[in-house]
Amino acid sequence: MGAINARPARIADWTSRSVGTIWRAFDLQIATYAVVLTLFGLAMAYSNSVAGGDGALATGSVFLRGLLWTSIALVVFVIATAFDYRWLKTLAWPLYALQVGLLLLTLAIGSGLGGSSRWISVLGLQFQFSELAKILMIIILANYLSARRGQMGSLWNIIGAIVLAGPPWVLVLLQPDLGTSLVFGAIVVGMLFMSGASLRWLGAGIMAVLAALPFVWTYVLLPYQKERLTSFLNPLADVRGAGYQLYQSQIAVGSGGWFGKGLTNSTQNQLDFLPVQTTDFVFAILAEELGFIGAMVVIGLFVALIWRVLVGGWRSKDPFGTMFAAGLGSMLVFQLFVNVGMVIGIMPITGIPLPFITHGGASLISVAAGLGILESINIRQGRAEW
Amino acid sequence: MSARTTGLAEQQAMPDRSPIRFLVFGLVVVLLSSILGVRLFMLQVANNVHFAALAETNRAVDQAVASTRGVIYDRNGLPLVSNVPSYTVKIRPADLPEDRRADVVARLAALLNLNPADINIAIDANPGSRFDLVRIATNVDENVANFISESQLDLPGVEVVVESRREYATGPLLSQVVGYTGPINESELAALRAEGYLPDDLLGKTGVEAEYEAQLRGTYGVEKVEKDATGRKLQVLQTVTPPVAGNSLDLTIDVQQQKYAQQALEWGMSTAGLKRGVVMVMNPQTGEILAMVTLPTYDNNAFAQGISSADYAKLVNDPNKPLTNHAISEQFPPGSTYKLVTGTGGLADGKISKTTQLITSAFLQLGATKFFDWNRKGFGACTILCGFAHSSDTFFFQVAAMLGIDRLAYWASQFGFGAKTGIDLPGEVPGSIPTNQWKLDTLGEPIYPGEVYQAGIGQGYDVVTPIQLINAYAALANGGTLYQPQLVRDVKDAAGKIVQPFAPKVLRKLDVPASVLETMRQAARNVVLVRHTYNLVDLPIVVAGKSGTAEFGLKDSQGRLPFHSWFVAFIPKDPTVTAKDPTGMAAVSRTDSDLVVLAFAYDSGTKGNVATEIVKYFLQLRFGITKDYRNFNLLVRGNFYQSN
Numbered sequence: 001m002g003a004i005n006a007r008p009a010r011i012a013d014w015t016s017r018s019v020g021t022i023w024r025a026f027d028l029q030i031a032t033y034a035v036v037l038t039l040f041g042l043a044m045a046y047s048n049s050v051a052g053g054d055g056a057l058a059t060g061s062v063f064l065r066g067l068l069w070t071s072i073a074l075v076v077f078v079i080a081t082a083f084d085y086r087w088l089k090t091l092a093w094p095l096y097a098l099q100v101g102l103l104l105l106t107l108a109i110g111s112g113l114g115g116s117s118r119w120i121s122v123l124g125l126q127f128q129f130s131e132l133a134k135i136l137m138i139i140i141l142a143n144y145l146s147a148r149r150g151q152m153g154s155l156w157n158i159i160g161a162i163v164l165a166g167p168p169w170v171l172v173l174l175q176p177d178l179g180t181s182l183v184f185g186a187i188v189v190g191m192l193f194m195s196g197a198s199l200r201w202l203g204a205g206i207m208a209v210l211a212a213l214p215f216v217w218t219y220v221l222l223p224y225q226k227e228r229l230t231s232f233l234n235p236l237a238d239v240r241g242a243g244y245q246l247y248q249s250q251i252a253v254g255s256g257g258w259f260g261k262g263l264t265n266s267t268q269n270q271l272d273f274l275p276v277q278t279t280d281f282v283f284a285i286l287a288e289e290l291g292f293i294g295a296m297v298v299i300g301l302f303v304a305l306i307w308r309v310l311v312g313g314w315r316s317k318d319p320f321g322t323m324f325a326a327g328l329g330s331m332l333v334f335q336l337f338v339n340v341g342m343v344i345g346i347m348p349i350t351g352i353p354l355p356f357i358t359h360g361g362a363s364l365i366s367v368a369a370g371l372g373i374l375e376s377i378n379i380r381q382g383r384a385e386w
Numbered sequence: 001m002s003a004r005t006t007g008l009a010e011q012q013a014m015p016d017r018s019p020i021r022f023l024v025f026g027l028v029v030v031l032l033s034s035i036l037g038v039r040l041f042m043l044q045v046a047n048n049v050h051f052a053a054l055a056e057t058n059r060a061v062d063q064a065v066a067s068t069r070g071v072i073y074d075r076n077g078l079p080l081v082s083n084v085p086s087y088t089v090k091i092r093p094a095d096l097p098e099d100r101r102a103d104v105v106a107r108l109a110a111l112l113n114l115n116p117a118d119i120n121i122a123i124d125a126n127p128g129s130r131f132d133l134v135r136i137a138t139n140v141d142e143n144v145a146n147f148i149s150e151s152q153l154d155l156p157g158v159e160v161v162v163e164s165r166r167e168y169a170t171g172p173l174l175s176q177v178v179g180y181t182g183p184i185n186e187s188e189l190a191a192l193r194a195e196g197y198l199p200d201d202l203l204g205k206t207g208v209e210a211e212y213e214a215q216l217r218g219t220y221g222v223e224k225v226e227k228d229a230t231g232r233k234l235q236v237l238q239t240v241t242p243p244v245a246g247n248s249l250d251l252t253i254d255v256q257q258q259k260y261a262q263q264a265l266e267w268g269m270s271t272a273g274l275k276r277g278v279v280m281v282m283n284p285q286t287g288e289i290l291a292m293v294t295l296p297t298y299d300n301n302a303f304a305q306g307i308s309s310a311d312y313a314k315l316v317n318d319p320n321k322p323l324t325n326h327a328i329s330e331q332f333p334p335g336s337t338y339k340l341v342t343g344t345g346g347l348a349d350g351k352i353s354k355t356t357q358l359i360t361s362a363f364l365q366l367g368a369t370k371f372f373d374w375n376r377k378g379f380g381a382c383t384i385l386c387g388f389a390h391s392s393d394t395f396f397f398q399v400a401a402m403l404g405i406d407r408l409a410y411w412a413s414q415f416g417f418g419a420k421t422g423i424d425l426p427g428e429v430p431g432s433i434p435t436n437q438w439k440l441d442t443l444g445e446p447i448y449p450g451e452v453y454q455a456g457i458g459q460g461y462d463v464v465t466p467i468q469l470i471n472a473y474a475a476l477a478n479g480g481t482l483y484q485p486q487l488v489r490d491v492k493d494a495a496g497k498i499v500q501p502f503a504p505k506v507l508r509k510l511d512v513p514a515s516v517l518e519t520m521r522q523a524a525r526n527v528v529l530v531r532h533t534y535n536l537v538d539l540p541i542v543v544a545g546k547s548g549t550a551e552f553g554l555k556d557s558q559g560r561l562p563f564h565s566w567f568v569a570f571i572p573k574d575p576t577v578t579a580k581d582p583t584g585m586a587a588v589s590r591t592d593s594d595l596v597v598l599a600f601a602y603d604s605g606t607k608g609n610v611a612t613e614i615v616k617y618f619l620q621l622r623f624g625i626t627k628d629y630r631n632f633n634l635l636v637r638g639n640f641y642q643s644n
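For the protein sequence lines, the chains are A and B, in the order given.
Under the working numbering, the first residue of the first sequence is numbered 1, with each subsequent residue one higher.
Under the working numbering, the first residue of the second sequence is numbered 1, with each subsequent residue one higher.
Read the hints as simulated data drawn from the structure, not as lab findings.
Where hints are given, some of them may not hold.
What the hints assert, rightly or not - Label-pair restraints from in silico Cβ distances:
1) B:ASP103 <-> A:GLY101: 52 to 62 Å
2) B:ILE20 <-> A:VAL35: 26 to 36 Å
3) A:LEU105 <-> B:ASP103: 44 to 54 Å
4) B:VAL61 <-> A:GLY60: 25 to 35 Å
5) B:ASP95 <-> A:LYS226: 21 to 31 Å
6) A:GLY60 <-> B:ASP103: 26 to 36 Å
7) B:VAL49 <-> A:ALA108: 31 to 41 Å
8) A:ALA108 <-> B:ALA64: 52 to 62 Å
9) A:TRP93 <-> B:ASP95: 33 to 43 Å
10) B:PRO116 <-> A:ALA108: 38 to 48 Å
11) A:LEU39 <-> B:ILE20: 32 to 42 Å
12) B:ALA313 <-> A:GLY60: 29 to 39 Å
13) A:PHE83 <-> B:ASN146: 57 to 67 Å
We put the CB at the ideal spot given by N, CA and C, even for glycine.
Please take these sequences and the hints and turn them into a complete structure.
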């Protein structure tokens with residue numbers, strides 16, 4: 001391990017550059033898009049708290065908790081930006097151990113709905129460590145893949161990445177948290193693709209996964225997961241049962257129109273027609289209250305953010321940075337598409353949160369950490385030569 | 001870890017990255033977000049109208065608004081029923097998880113002081129769907145109701161609503177007449193759903209409440225209400241159609257006379273140790289029922305408040321059938337009261353005249369069988385006035401034989417026997433009058449002469465209801481018009497305007513000369529004059545009538561049959577006995593009587609005719625006669641057989 005030896009060089013490198021240089025390298029667009037998206041999330045939290053009837057500022061309201069998590073996320077972002085990302089390469093294996101450990105702990109003592117174990121209470125706040133595990137997964141894979149750059153034509157290196165992702169993936173599936181396990185899959189596929197992995201093997205792998213689906217369907221998925229997965233195909237078949245959320249969610253979105261009903265004016269939310277409106281289905285209320293325009297602004301912000309993440313990856317001279325950006329981008333685009341797709345009825349219900357918008361501290365803090373690390377990568381590179 | 005940080009020089013070397021893969025990645029992002037955008041556009045812009053309507057449907061549902069049920073008054077405007085607000089506990093089965101049902105039912109039972117079995121029965125008998133509310137308990141104490149409202153978490157699916165409940169001011173006094181309302185059952189709902197009845201509706205179950213359901217109910221309104229996903233009503237958005245209050249009824253019943261009648265019947269029954277009895281009072285000029293008492297009775301408020309299955313079973317299993325209106329729903333042999341039919345028929349068909357004398361004796365013999373008079377000496381040569389007055393069986397055996405069974409049946413049908421009177425109450429039975437054809441049809445053989453004898457004195461196959469009997473005597477008293485008995489004087493709307501005024505309904509004009517009926521009225525007065533009814537003649541008012549002792553059932557060890565006692569009386573309009581008309585014969589010759597009274601004592605077995613004593617007591621109360629003429633000694637019980 002050469003980490004100790006390398007340290008003085010990095011500090012010298014860091015201190016040798018002026019604050020102005022650092023500031024220019026800092027991607028202000030990423031921070032701006034992230035902050036605006038967070039504000040959208042807070043607006044939805046506010047709307048939801050008002051709908052709850054106790055007022056936005058009532059103790060323990062979704063809005064107050066959102067404010068608290070936002071402040072924490074801001075701090076995490078700043079620390080992650082300031083923190084030299086290169087340490088992550090050094091700490092990759094300990095972080096891997098930390099990831100597996102946290103997931104094991106969640107399995108052991110976690111709590112959740114319907115016999116699942118997804119959350120651990122930290123200081124009275126529920127924290128879903130599988131969210132953090134996504135970022136840790138990106139770090140570990142970025143470290144693995146960047147070390148094998150130029151060698152990704154090899155099947156063994158592809159298998160190595162999959163084996164590395166295996167234990168956390170299984171632990172998440174055991175919770176059971178189908179959504180996070182799918183995000184893990186998207187991260188692995190996206191990063192392998194961007195690492196230059198052989199398309200032949202990648203294609204073969206994807207084919208293999210597709211071939212294994214009947215097996216997974218029969219032996220791995222739980223009945224409620226199957227029900228949720230299939231109900232989107234025909235939500236009207238069981239409007240009062242599994243199709244209920246989807247049906248009500250589409251009513252919410254569809255009734256929004258061009259400009260929406262206005263913040264806090266959702267009837268679907270106010271009257272509790274939409275279950276779990278504070279979590280995975282919050283985008284439905286957003287689309288209902290802010291309309292098509294509001295929904296497209298949010299999607300546009302995501303596209304812009306992912307664009308800037310990819311730009312950061314492109315510019316990074318450190319392959320770790322490129323790989324990290326690929327992983328973060330994969331995660332963001334997958335969660336955006338699956339969550340919004342679920343709300344508007346083109347994707348099955350999988351329990352994947354929409355970053356920034358879905359209320360929940362772990363998701364916000366994890367994304368903040370991811371974006372902070374990307375900024376850390378940005379400011380620690382010279383401008384790439386195009 | 002092979003990928004450890006290296007020097008600046010290495011970092012500045014071109015990393016291994018593929019522009020094509022970045023491009024592909026970017027295109028995937030653009031493609032996926034475009035799909036989202038297109039789908040959002042389809043939902044939010046292209047199909048906005050459709051979904052906006054669905055959202056509105058979610059929010060606003062049409063809900064029925066119960067109308068105020070009409071009130072019921074007696075003929076003098078005394079309210080017999082009022083609508084009072086009552087806390088009602090209901091369960092929506094769909095919101096009650098099956099695995100918690102036992103627990104919730106047990107908690108509710110304890111809170112409401114109910115039997116858990118009753119709650120389960122109510123849930124299982126729910127005529128609607130699982131999403132419809134089921135009524136569990138009405139008239140719940142306010143504190144209990146509030147506690148249940150606040151215990152939603154422990155009592156999923158349980159709701160407390162305020163609804164209107166019937167409170168019957170007179171209770172047991174008029175239960176069989178007024179009836180009660182109760183929860184709609186499955187078959188009723190199937191029949192009435194199209195008329196807007198709801199699965200948790202209340203409707204008239206019996207009595208006037210059931211007979212006049214359409215009038216009393218009014219028309220339910222419709223309002224748009226905002227509801228949340230649990231079905232909780234948040235606010236009324238719009239009244240689509242306002243409810244129209246039901247119409248009110250003025251009964252023909254006079255509560256004061258009903259009380260007198262009940263008092264008289266209760267006295268007679270308790271003194272003679274009887275189990276069942278009926279007293280009815282009627283205005284023969286119109287067919288209006290002024291009083292209808294049937295004992296034993298029950299409290300209709302128990303039903304309005306939601307009767308427990310144990311209490312209900314007790315009423316149903318009571319051998320004396322308190323839930324049955326014995327005045328209209330049961331038929332009994334009329335005994336000697338039926339001699340009105342035989343006598344009228346004999347006179348009208350010219351078989352006898354007012355002066356025809358028939359020899360009455362101890363018995364008549366047909367082959368080997370002797371048909372005894374109740375009086376084992378007979379009464380010698382008798383006219384109709386004598387035969388009727390003494391209730392001579394052998395006199396009427398002969399008249400019946402002269403008429404034959406079919407003419408006898410014809411005259412019976414003239415008086416309304418063998419057919420429902422059409423009184424405005426549910427559950428009336430028609431009684432039965434034998435004809436030759438009837439006997440051939442039902443028993444496969446012709447009627448025997450002995451059976452004609454029996455039919456002539458109201459025994460054998462003759463069965464009548466008390467309402468038929470009083471109605472027949474009303475026709476006698478009014479000079480030959482058979483009215484349909486009625487319980488409702490008029491129907492008024494909520495504003496008090498009469499929408500259906502009272503009109504007497506004539507069933508038929510009797511096919512009898514007026515003189516014949518006059519003779520029969522005089523014969524009925526003679527019943528009283530010859531002291532066949534003991535000291536009834538001593539009353540300061542003119543009373544005419546006929547008593548009856550009707551055998552039924554099986555002979556006891558001494559060959560005696562149990563018997564019911566009847567007495568039907570009519571009183572002329574100005575009934576005071578005057579010096580000008582000391583016998584009252586002139587008074588009963590008139591057709592202006594406005595009062596007919598009937599008493600029926602089931603399985604009386606008393607020494608004297610208890611029904612006569614009951615009518616006498618009623619008349620004392622009705623006319624304010626302070627001197628007491630009642631013969632307590634006649635009410636000794638012990639199966640004294642005498643056919644009077």
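To see whether the hints hold, each was checked on the structure:
The hint said 52 to 62 Å for the Cβ distance between ASP103 (chain B) and GLY101 (chain A), and at roughly 41 Å that hint is violated. As the Cβ distance of ILE20 (chain B) to VAL35 (chain A) is approximately 33 Å, the hint placing it in 26 to 36 Å holds. Distance hint check: the CB atoms of LEU105 (chain A) and ASP103 (chain B) are about 35 Å apart, inconsistent with the given range 44 to 54 Å. At about 32 Å, the beta-carbon gap between VAL61 (chain B) and GLY60 (chain A) stays in the expected band of 25 to 35 Å.
For ASP95 (chain B) and LYS226 (chain A), the hinted distance range of 21 to 31 Å is satisfied, since their beta carbons lie about 26 Å from each other. In this structure the supplied range 26 to 36 Å holds for GLY60 (chain A) paired with ASP103 (chain B), their Cβ-Cβ distance being about 29 Å. For VAL49 (chain B) and ALA108 (chain A), the Cβ-Cβ distance of about 52 Å falls outside the hinted range of 31 to 41 Å, so the restraint is violated. Range check, ALA108 (chain A) to ALA64 (chain B): Cβ separation about 54 Å, and the 52 to 62 Å hint holds.
The beta-carbon spacing between TRP93 (chain A) and ASP95 (chain B), approximately 53 Å, falls outside the hinted interval of 33 to 43 Å. Take PRO116 (chain B) and ALA108 (chain A): their Cβ atoms lie about 42 Å apart, and the range 38 to 48 Å holds. Checked against the hint of 32 to 42 Å, the C-beta distance between LEU39 (chain A) and ILE20 (chain B) comes to roughly 36 Å, which is consistent with it. For the pair ALA313 (chain B) and GLY60 (chain A), the beta carbons lie near 53 Å from each other, so the given range of 29 to 39 Å is not met.
In this structure, PHE83 (chain A) and ASN146 (chain B) meet the distance hint of 57 to 67 Å, their C-beta atoms being roughly 58 Å apart.
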